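Q: Letter by letter, the chains look like this.
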Amino acid sequence: NAGVTQTPKFRVLKTGQSMTLLCAQDMNHEYMYWYRQDPGMGLRLIHYSVGEGTTAKGEVPDGYNVSRLKKQNFLLGLESAAPSQTSVYFCASSYGGGPSYGYTFGSGTRLTVV
Amino acid sequence: AQKVTQAQTEISVVEKEDVTLDCVYETRDTTYYLFWYKQPPSGELVFLIRRNSFDEQNEISGRYSWNFQKSTSSFNFTITASQVVDSAVYFCALSEPITNFGNEKLTFGTGTRLTIIP
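These protein sequence lines are chains H and Y, in that order. Heads up, the first sequence is in the working numbering, so the first residue is 40 and it goes up one at a time. Heads up, the second sequence is in the working numbering, so the first residue is 78 and it goes up one at a time.
Treat the hints with care, as some may be off.
[To be verified] Far from chain Y, some chain H residues (derived; all Cβ distances over 12 Å):
id	residue
1	L52
2	G55
3	T59
4	L108
5	L117
6	E118
7	T125
[What the hints assert, rightly or not] Here are the simulated lysine-lysine pairs, PhoX-like style, with alpha carbons at most 25 Å apart:
id	chain 1	residue 1	chain 2	residue 2
8	H	K96	Y	K147
9	H	K48	Y	K80
10	H	K96	H	K109
11	H	K109	H	K53
12	H	K110	H	K53
13	Y	K147	Y	K115
In case anyone wonders, no lab produced these hints; they're calculated from the structure. Owing to the predicted nature of the structure, the values given are computational and were not obtained by experimental measurement. The beta-carbon is built from N, C-alpha and C at its ideal position, and this holds for glycine as well.
Whenever a hint applies, use it, and build me the whole structure from the sequences.
A: Okay, structure coming up:
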């Protein structure tokens, strides 16, 4: 089925470890986003991309890096994980940059940093 | 900056009762979109509705209805004859520009956890 796929679904990291979260979409969407969801805070934008080869910072970018080498993939990296990065991470994509195009969300990645 | 307030943190109702989830927003934009998403216990985000700021007509979809009032900056969501499957966290969100080129992001409220008691 077409949509947004996030890998992995769950992960436990030790403080200081690194990892990469993968977001893949097969809808030929230009725009992709990474959000994090924390209890009592809703979802907040980490980084986003307006097309292949582009990335930009969102609301809470510190401690994360991203890459969009291929149009269909948007990677979120944690170079040195910290307990404050324990969260549920959602990837989203949209055909255009505005909300009139709609957003498709992945099913989320639950990350725990111990 | 834009802001979305969902003052109701948790609501519990008995099955078949009606329930309204409140959403109040702040924005300086004249053109914007409002959204509601459902997050069931399985964790995914399910899109429910998108409404643009020029369309103030109320919308009904089955047991769901939405009341958009620009005068009070509110976009409330009502579930009629609630069912156990409606138990979830519901998020209200507002579109917000992130560049001058039409790119926008969603600003989410903190969510309301709705529990339907059988």
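Q: Provide an ascending list of the numbers of those earlier hints which the structure does not satisfy.
A: 8, 9, 11 and 12
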